[in-house]
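*Asks:* What follows is the residue order along each chain.
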Amino acid sequence: MSTLKVIDEDYSSWKCSACGKALTPTPIELEYLESKFTVELPACPECGLVLIPEDLALGKMAEVESLLEDK
Amino acid sequence: MEQDSLHEWESKCIQEEPPRCKAACPIHVDGREFSKLMAAGQTDKAWAVLCRTLPFPTVTARICDGPCIKSCLREEVGGGIKLNSLERYCAENTKRTPPFRPLPARGKTVAILGAFLPGLTAAWDLAKKGFTVTVFTNDSAEAFATIPQEFLSVDIFKQELATLKKMGVSFDENSSPSLELATKSLEDFDAVFADPFACDAKALKISPPSITTLKTEKDGLFAASMPEKNTSPIALIAIGRKGALSIERFMQSASLSAGREREEPFETKLYTNISKVEPVTPSAVPADGYDVESAREEASRCLQCECMECVKNCAYLEEFKGYPKVYARQIYNNASIVMGTRRANNLINSCMLCDLCNEICPENFSMKNLCIEARQDLVKKGHMPPSAHEFALRDMEHADRDTCTINKHQSGTSESEWAFFPGCQLPASDPSAVDRVYKYLCDSLTGGTGLMLRCCGAPADWSGRIELFDTKSESIRADWESLGRPKVIAACPSCMESLHKAIPEAEVTSLWSILCEHKENLNPVLPETISSLQDPCTARHNDKLLADVRLLLSDLSIEFTEPELSGLHTECCGFGGLLSGANEPLSKKVAEKRGSKLDGDGITYCAMCRDLLAKSGKRCLHLLDVIFPSGNSDPAARAVPQYSERRENRVRLKEQMLDVIWRTPSAPRPDYESISVSFTSKAKELMEERRILHSDIQKTIQAVQKSGQALESTETGHKLTYYRPVTVTYWIEYEEQDANNYLIHRVWSHRMRILGASK
Numbered sequence: 005m006s007t008l009k010v011i012d013e014d015y016s017s018w019k020c021s022a023c024g025k026a027l028t029p030t031p032i033e034l035e036y037l038e039s040k041f042t043v044e045l046p047a048c049p050e051c052g053l054v055l056i057p058e059d060l061a062l063g064k065m066a067e068v069e070s071l072l073e074d075k
Numbered sequence: 011m012e013q014d015s016l017h018e019w020e021s022k023c024i025q026e027e028p029p030r031c032k033a034a035c036p037i038h039v040d041g042r043e044f045s046k047l048m049a050a051g052q053t054d055k056a057w058a059v060l061c062r063t064l065p066f067p068t069v070t071a072r073i074c075d076g077p078c079i080k081s082c083l084r085e086e087v088g089g090g091i092k093l094n095s096l097e098r099y100c101a102e103n104t105k106r107t108p109p110f111r112p113l114p115a116r117g118k119t120v121a122i123l124g125a126f127l128p129g130l131t132a133a134w135d136l137a138k139k140g141f142t143v144t145v146f147t148n149d150s151a152e153a154f155a156t157i158p159q160e161f162l163s164v165d166i167f168k169q170e171l172a173t174l175k176k177m178g179v180s181f182d183e184n185s186s187p188s189l190e191l192a193t194k195s196l197e198d199f200d201a202v203f204a205d206p207f208a209c210d211a212k213a214l215k216i217s218p219p220s221i222t223t224l225k226t227e228k229d230g231l232f233a234a235s236m237p238e239k240n241t242s243p244i245a246l247i248a249i250g251r252k253g254a255l256s257i258e259r260f261m262q263s264a265s266l267s268a269g270r271e272r273e274e275p276f277e278t279k280l281y282t283n284i285s286k287v288e289p290v291t292p293s294a295v296p297a298d299g300y301d302v303e304s305a306r307e308e309a310s311r312c313l314q315c316e317c318m319e320c321v322k323n324c325a326y327l328e329e330f331k332g333y334p335k336v337y338a339r340q341i342y343n344n345a346s347i348v349m350g351t352r353r354a355n356n357l358i359n360s361c362m363l364c365d366l367c368n369e370i371c372p373e374n375f376s377m378k379n380l381c382i383e384a385r386q387d388l389v390k391k392g393h394m395p396p397s398a399h400e401f402a403l404r405d406m407e408h409a410d411r412d413t414c415t416i417n418k419h420q421s422g423t424s425e426s427e428w429a430f431f432p433g434c435q436l437p438a439s440d441p442s443a444v445d446r447v448y449k450y451l452c453d454s455l456t457g458g459t460g461l462m463l464r465c466c467g468a469p470a471d472w473s474g475r476i477e478l479f480d481t482k483s484e485s486i487r488a489d490w491e492s493l494g495r496p497k498v499i500a501a502c503p504s505c506m507e508s509l510h511k512a513i514p515e516a517e518v519t520s521l522w523s524i525l526c527e528h529k530e531n532l533n534p535v536l537p538e539t540i541s542s543l544q545d546p547c548t549a550r551h552n553d554k555l556l557a558d559v560r561l562l563l564s565d566l567s568i569e570f571t572e573p574e575l576s577g578l579h580t581e582c583c584g585f586g587g588l589l590s591g592a593n594e595p596l597s598k599k600v601a602e603k604r605g606s607k608l609d610g611d612g613i614t615y616c617a618m619c620r621d622l623l624a625k626s627g628k629r630c631l632h633l634l635d636v637i638f639p640s641g642n643s644d645p646a647a648r649a650v651p652q653y654s655e656r657r658e659n660r661v662r663l664k665e666q667m668l669d670v671i672w673r674t675p676s677a678p679r680p681d682y683e684s685i686s687v688s689f690t691s692k693a694k695e696l697m698e699e700r701r702i703l704h705s706d707i708q709k710t711i712q713a714v715q716k717s718g719q720a721l722e723s724t725e726t727g728h729k730l731t732y733y734r735p736v737t738v739t740y741w742i743e744y745e746e747q748d749a750n751n752y753l754i755h756r757v758w759s760h761r762m763r764i765l766g767a768s769k
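So the sequences go chain by chain: A and B.
For the working numbering, count along the first sequence from 1 and bump the result up by 4.
For the working numbering, count along the second sequence from 1 and bump the result up by 10.
Chain B on its own, in the form it takes in the complex:
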């Protein structure tokens, strides 16, 4: 990822945008943080937040007229937070004011003409920054008469003037700001700020200064036009602050105007969802201000605006404790590491690539695109952790082996107008359903319906292996062309996506659309209860598929409800993006979370959604369980085949279909499959948990039969051996019951290679 690209990604995530109060405040007080601390009863900390931004805070907090209130999002659900009254409470009740420590003197002098709010603010800010400030005025307390005094005493005002003096500001009280004084000051000082109430642009006989920088035609002189009547005191303070910032930049010979687009009140891009927020109206502010309780109550109405829309709706985004902007930075840093640990690999490989965030995000941030690019980059640079996707890729290769694949015209025909593409997981999950559907399609469609039994290549795509996916695509194309470029009927929405990429010119239709058009001879067994529809995440953007599934369900009188997030906004089951291989605990969490959102039994049209939900303990039907019933009296409880069984299912399906439909023998089985192994229940459990297959065990036993190399326990008599077929070393603890018959007790594996005794 290039740095420009990172900035583009980062700017798309609006979570760090300021809340509306801060954006609307002329001096951008962090009202959200302030309210949070006030609601927690932490008055001193809340006061420290105000002191970060307010000049002479004990005065400003008492004269603030709350220009943010109308912009507050709470205004739409009850009424804006009365931040000004809370500020006043805070000023009156704080016990500790943080010290104002000016920076070391810079040796630069500034003259301020006038001591009204703009002038005093400029003096405050510049003194803090280490400038030597002299305020020219007739009366240092002249501002007091011009500001709201309802909650302010002259004593408090004078205390803040004393603070200013302590900060090094000197007051020359025998001078009237004027054009002459300004001209003289420009000679005696490095810069001059003219308070518009004392000496505005007109009095200085200059053309109106720049609105964004207050720069005037006279070098070093910063001034403003006379503010309109009834301007908010906070907006007057902002004039002084603007002048002070310009003077600082002027002294540093820096650009006066760069990066000041958001200095004035602005509209924030932050989005906060208030669709589920109950309206709460504010209580009236008592004449003598809030007490402890009412202040906390008012502050508690603050919505603590933030977006987090995607995070709230995605267990993956939640898991890594950040939000997309942070993740984009972590992923960028991950790619930049030359030596050291790539800490974001797990983040990159745990995204389900389901693209729900893109649909939910007000700015369409797609973690899918970010993560898939990052995966491709890891693969390209040879940095992809080998273990992340290996099991899924091996599974893909298994489905594409000649023991599992079929690519044939309908029996007795030599042409295919159609080809059924069940994918690799439906045959693994429910092979007999594939058989029943295929027969129905052959009977219902004309022009010949061929069968393409193989994987669509999705694991290669999802794991970021571009070249591997291209190879798969070529092989799919070859199969498709050998059948005469038929219209493809895909049972799985992920296959549809992959096939569109692999053979874009092919007409790919979903099985459900075809069944919708040919439903006359369907004999569904209706579920006894109303199920909740789980749309697979890869169906999200397939409008026709989403519509046809609903049409089919209602045409067949299959009643269903929909969860809150459905259709375009459906949630992944935990399989997407190969999550279950890369981060199994998270995959389980995702499945459980999704399952909990489906009322009653689930019903879906993706074999992996069905199996992952079922594995998480959710009763779940595949639509085929209903439309092509197997005779199982409770298909929602149908057991999920284990990894080894899934593979065996594929092999048997091919054998049976070839035998029954095409009357041809299947490819011979490998000889290790003749080794008879049985398992203790513990061993079965370990195999599933550790993804060790029946065939891995048979291969290991075959290896020991040849080498005779095994260990033996003098206590149990069990034998222990290991074998490394390719990249994983398998350990098998077993009992040899009789010749060629083995009982397996324990299994484990590691990826390290044993080189032998150290020399």
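Chain A with its partners taken away, still in its complex shape:
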């Protein structure tokens, strides 16, 4: 499965509290209504904790959710 790139901004100013590592772009698997896709998202390179930025959640992600709900 190809990895979608949807984030342009740099989120390296966020670090993982527990591991202390700066977040790096990482392919993350997302799922909704039995559809799966891999999206490049900032995540902790150590423990994998992900960041889904507000703009993404309310923009592109909400759009895709709505599309999938009507499928």
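Calculated from the structure, these hints are not laboratory results.
Careful, some of the hints might be misleading.
[Claimed, not checked] Derived EDC-like pairs: lysine to aspartate or glutamate, alpha-carbon spacing no greater than 16 angstroms straight-line:
1) B:212 / B:227
2) B:497 / B:477
3) A:19 / B:669
4) B:694 / B:725
5) B:391 / A:74
6) A:25 / B:725
7) B:449 / B:683
8) B:390 / A:74
9) B:118 / B:210
10) A:25 / B:722
11) B:335 / B:26
12) B:769 / A:35
13) B:118 / B:18
14) B:497 / B:387
15) B:228 / B:210
16) B:692 / A:14
17) B:138 / B:258
18) A:75 / B:387
19) A:19 / B:722
20) A:19 / B:743
21) A:19 / A:69
22) B:729 / A:35
23) B:418 / B:373
24) B:769 / A:12
25) B:279 / B:200
26) B:598 / B:725
27) B:497 / B:507
28) B:692 / B:725
29) B:239 / B:210
30) B:215 / B:190
31) B:390 / A:33
32) B:391 / A:73
33) B:769 / A:58
Fit chain B to the supplied structure of chain A, relying on the hints for placement.
*Replies:* Just chain B now, with coordinates in the frame of chain A:
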């Protein structure tokens, strides 16, 4: 939805019925479209509309006697549109006539006996359809002497004859139509049409032909009886057209009579409301016809007949840019999709189910029934978008949780003749009012007044979840039976509806009817201004409720006015059908629109009407604000509680009532509620807009306390974490102020699940 059912739905909506002019015209010219273009000064386009229907249009437009004028709806408000004079203007002033291109030759021949209006029309129509036509006549211009010549010159007439010839019609001018010629033609041609003026049924020595098809006893011969004197030239043209259509069908071996019910002038089912139309009389037509201005002026009097009664009175129907017939088709298509996008889901889930359309529609089209069936179908097939009703259904479950419900006899009694059922939204909106009303009922009624504090199940019903509503109904029944099947007093008209469905044998009375009978000890604080009454949409068909509310208001000297749409025709506030969850922008629009129609402050007897109108910026009272005053000096401006506060209100109401009235402790609160969270004003705003609750935030913080998993901004020091209690992932950006004390900055959510790093 089955296809038969779709056709039934579609046939109920009359918006696509033809206007009266078109129905009354023997050849069904679209006078509405023609007038629209004429009024816009688009003479060439208007002419093209005439050319679609009129044979030899430059002649027909000049001889039309306007058989539609008496049927025109304008006739009732000033005088029918003079379409015939407009047609004449159009013929005289058009600069462009669309070319008449006959279809490719079909290799079939037709003989036409006679060249009067019926014969020429049959020749015109059949030539257009690709038949090879020969007209037998003594004189191809014989019709000219028989038609009105006031506005017609022989040159124009001959030009149209030339057009006919160009279309491939040949004229045999040395033959007199007769029985012999008809008999011979039947041998030489595939079909024969006898123009009644040249050779009517009598001359052909046959019994009168069929009125609907002009079929005669001789196979392939189509003829008519002699028309009455002074028959409209357009009706004569219609005879030729009828013959031509029958001949076409005859050649195709198709049914001659099928689907021809509306070929003659007929009465349309189209309804157009003219109650607010000012009468405008037509100006006299100048002897030499209209000029540019007077033609436009006359065409502008056209009412552009259409129904749209429901659409004009419903922001929802307006929003989707169609009308019920179109919507029925879209909903049918939505249900038929196997793979692909269901584009009508939003349409289906945005109806308020208020049933105003049913009351307004001349044919009683109910979008409510159409949409509720469609919702049930979506749910049944597992295609209902999860996000549409989830918030409302969660809210219903919250109201039915043991932290919010009470089902008890009146304190100190063991029997209930009555049970007060305030519903779930009144306790959420104004909990102290519930308390005051309950105490009043206990004091006023005998036989014991129990309390049933819970949801009525309306969200399950409205969202199309039949099984869930059945479960709710069973649980309501169990509660009701445990109180000894008391008479139920419902504060909310939606609850009344749901309770009638859930426990049909229960006697359910509205709170307002009870107060009407027990008003002696009421001490209302009368509003300083006269308010406008907002009947909730679920009260629409409850005559007793509508009457008792008005009686109560006048008995208590509460002055009120009524908006134009009131009582049976009241409008929804935007909450009905769970609209506010499924399509919030539309819900806001509906509330604002309704609010604008209420003069002064609104006054209502539904907690959701009150809150939605108030949220839209309309000052609005709940009747309880007046009858059971709280001490608030301006209750019409009472703040609308936010979603989290609504839930908290329910929980506290139960705690307080149990404590004060029944002296028993309430159910323990969940442990996450001990987490102390505060909010920036931005965070509060985001929570309301995004429907994220205080409890969602506390649960998320509790989760991070356990897992220690959070992100941290190196710039602001804020922390960020997420948690997915069930179906929604919540993100909280916060500051940990000290142990167990959190300041929330931003919140957002999504429905997608994070599965983790891709392998």
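*Asks:* Next step is simple, just say for each hint if it's right about the structure.
*Replies:* Here is how each hint holds up against the structure:
1. A threshold of 16 angstroms between alpha carbons decides the hint, and for residue 212 of chain B with residue 227 of chain B the separation of about 13 angstroms falls inside it, so the pair holds.
2. Between the alpha carbons of residue 497 of chain B and residue 477 of chain B the distance comes to roughly 26 angstroms, so the proposed pair goes past 16 angstroms and is violated.
3. At most 16 angstroms may separate the alpha-carbon atoms for a hinted pair to count; residue 19 of chain A and residue 669 of chain B exceed this at roughly 48 angstroms.
4. At roughly 23 angstroms between alpha-carbon atoms, residue 694 of chain B and residue 725 of chain B are farther apart than 16 angstroms, so this suggested pair is violated.
5. Note on residue 391 of chain B and residue 74 of chain A: the hinted pairing holds, with a Cα-Cα distance of about 13 angstroms set against a maximum of 16 angstroms.
6. Straight-line distance between C-alpha atoms of residue 25 of chain A and residue 725 of chain B comes to about 15 angstroms, which keeps the hinted pair within the 16 angstroms bound.
7. Restraint check for residue 449 of chain B and residue 683 of chain B: not satisfied, since their Cα atoms lie roughly 30 angstroms apart, outside the 16 angstroms limit.
8. The hinted pair formed by residue 390 of chain B and residue 74 of chain A meets the criterion: a straight-line CA distance of about 15 angstroms does not exceed 16 angstroms.
9. Using a Cα cut-off of 16 angstroms, the hinted pair residue 118 of chain B and residue 210 of chain B is violated, with the two alpha carbons roughly 24 angstroms apart.
10. In summary, the hint linking residue 25 of chain A to residue 722 of chain B is supported, as the alpha carbons are separated by about 10 angstroms, within the 16 angstroms threshold.
11. Annotation: proposed proximity of residue 335 of chain B to residue 26 of chain B holds, straight-line Cα distance about 8 angstroms (limit 16 angstroms).
12. The suggested pairing of residue 769 of chain B with residue 35 of chain A holds, with an alpha-carbon distance near 14 angstroms, which does not exceed 16 angstroms.
13. Among the hinted pairs, residue 118 of chain B with residue 18 of chain B is inconsistent with the structure: their alpha-carbon atoms are about 40 angstroms apart, more than 16 angstroms.
14. This hinted pair does not check out: residue 497 of chain B and residue 387 of chain B have alpha carbons roughly 34 angstroms apart, beyond 16 angstroms.
15. Distance hint between residue 228 of chain B and residue 210 of chain B is fulfilled; the C-alpha atoms sit about 14 angstroms from each other, no more than 16 angstroms.
16. Taking the CA atoms of residue 692 of chain B and residue 14 of chain A, the gap is about 24 angstroms. The hint is violated against a cut of 16 angstroms.
17. Restraint check for residue 138 of chain B and residue 258 of chain B: satisfied, since their Cα atoms lie roughly 11 angstroms apart, inside the 16 angstroms limit.
18. A hinted pair counts as satisfied when its Cα atoms are at most 16 angstroms apart, and residue 75 of chain A with residue 387 of chain B qualifies at roughly 15 angstroms.
19. For the hint linking residue 19 of chain A to residue 722 of chain B, the alpha-carbon distance of about 5 angstroms falls within 16 angstroms, and the restraint holds.
20. Simply put, residue 19 of chain A and residue 743 of chain B have alpha-carbon atoms about 14 angstroms apart, close enough for the 16 angstroms limit, and the pair holds.
21. Proximity of residue 19 of chain A to residue 69 of chain A is assessed by CA-CA distance (about 28 angstroms); at most 16 angstroms being required, the pair is judged violated.
22. Restraint check for residue 729 of chain B and residue 35 of chain A: not satisfied, since their Cα atoms lie roughly 25 angstroms apart, outside the 16 angstroms limit.
23. Restraint check for residue 418 of chain B and residue 373 of chain B: not satisfied, since their Cα atoms lie roughly 47 angstroms apart, outside the 16 angstroms limit.
24. For the proposed pair residue 769 of chain B and residue 12 of chain A, the alpha carbon gap of about 23 angstroms is over 16 angstroms, so the pair is violated.
25. Of the pairs offered as hints, the one joining residue 279 of chain B and residue 200 of chain B is violated, with about 39 angstroms between alpha carbons and a cut-off of 16 angstroms exceeded.
26. Distance hint between residue 598 of chain B and residue 725 of chain B is unfulfilled; the C-alpha atoms sit about 38 angstroms from each other, more than 16 angstroms.
27. Of the pairs offered as hints, the one joining residue 497 of chain B and residue 507 of chain B holds, with about 15 angstroms between alpha carbons and a cut-off of 16 angstroms not exceeded.
28. Between residue 692 of chain B and residue 725 of chain B the alpha-carbon distance is near 19 angstroms, which puts this suggested pair outside the 16 angstroms criterion.
29. Only pairs whose Cα atoms come within 16 angstroms are accepted, and residue 239 of chain B paired with residue 210 of chain B is accepted, the gap being roughly 14 angstroms.
30. Using a Cα cut-off of 16 angstroms, the hinted pair residue 215 of chain B and residue 190 of chain B holds, with the two alpha carbons roughly 11 angstroms apart.
31. Restraint check for residue 390 of chain B and residue 33 of chain A: not satisfied, since their Cα atoms lie roughly 30 angstroms apart, outside the 16 angstroms limit.
32. With a C-alpha separation of about 13 angstroms, the suggested pair residue 391 of chain B and residue 73 of chain A falls inside the 16 angstroms cut-off, and the hint holds.
33. For a cut-off of 16 angstroms, the pair hint linking residue 769 of chain B to residue 58 of chain A is broken: about 25 angstroms separates their Cα positions.
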